[in-house]
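**Q** Residue numbers (my numbering): 18 to 161.
Among the hints, erroneous ones may be present.
To be verified - Derived DEER-like restraints, expressed as beta-carbon distance ranges: (1) 26 <-> 87: 35 to 43 Å; (2) 21 <-> 117: 20 to 28 Å; (3) 31 <-> 141: 31 to 39 Å; (4) 148 <-> 25: 16 to 24 Å; (5) 119 <-> 29: 35 to 43 Å; (6) 25 <-> 85: 32 to 40 Å; (7) 100 <-> 148: 30 to 38 Å; (8) 85 <-> 21: 35 to 43 Å.
I should point out that these hints are in silico values taken from the structure, not numbers from a laboratory.
The C-beta atom is built at its ideal place from N, Cα and C for all residues, glycine as well.
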Amino acid sequence: MDDDPQRKAVAERVLQTAAELESLIKGGKAASESSSIPDSTGASGVSEHTGDRALYLNVEGRELEKIAKDRYLIGRGKHCDLVINSGKVSREHAAIVRDGDDFYLQDLDSSNGTWFNKQRIKRRKIEDGDEYFICSDRVKFVYR
């Protein structure tokens, strides 16, 4: 996305509204509620080295899931590793890709995008505690 503040403000409002609507549909929980995943940062608030630990993902209302594949597919297609049943989500929306000891979340040219900190991303290294949005579904990552 470009640096136009008006476009950013509109994108933020659209993302927040979509998250609130999706939350209402799924059971009335506030979109801003925090996840129940424990924080795994040290006392300094800085994440520890992630090379020896496994990556887990959490989607609201689902079990914590370990990422055990080198390519983990997210989308609405039944063949995906994480199926998100929403017409806004592409059949193959995004993938978690391992590169050495690191994992990256990569958007697969989806129509509605993959978002981090209210910015649409193409590919981004996953850090401990990161929260991404696949359309209005929040996906949180932790290393353990």
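**Q** Does each hint hold? Answer for all of them.
**A** Hint-by-hint comparison with the structure:
1. 26 <-> 87: 35 to 43 Å: Taking Cβ atoms as reference, residue 26 and residue 87 lie about 38 Å apart, which means the hint holds.
2. 21 <-> 117: 20 to 28 Å: At 36 Å between Cβs, range violated.
3. 31 <-> 141: 31 to 39 Å: violated, 20 Å
4. 148 <-> 25: 16 to 24 Å: For residue 25 against residue 148, whose Cβ atoms are near 18 Å apart, the range 16 to 24 Å holds.
5. 119 <-> 29: 35 to 43 Å: violated, 28 Å
6. 25 <-> 85: 32 to 40 Å: holds, 36 Å
7. 100 <-> 148: 30 to 38 Å: violated, 20 Å
8. 85 <-> 21: 35 to 43 Å: The hinted range 35 to 43 Å holds for residue 85 and residue 21, with Cβ atoms some 41 Å apart.
Hint compliance for this structure: hints 2, 3, 5 and 7 are not met, and every other hint is.
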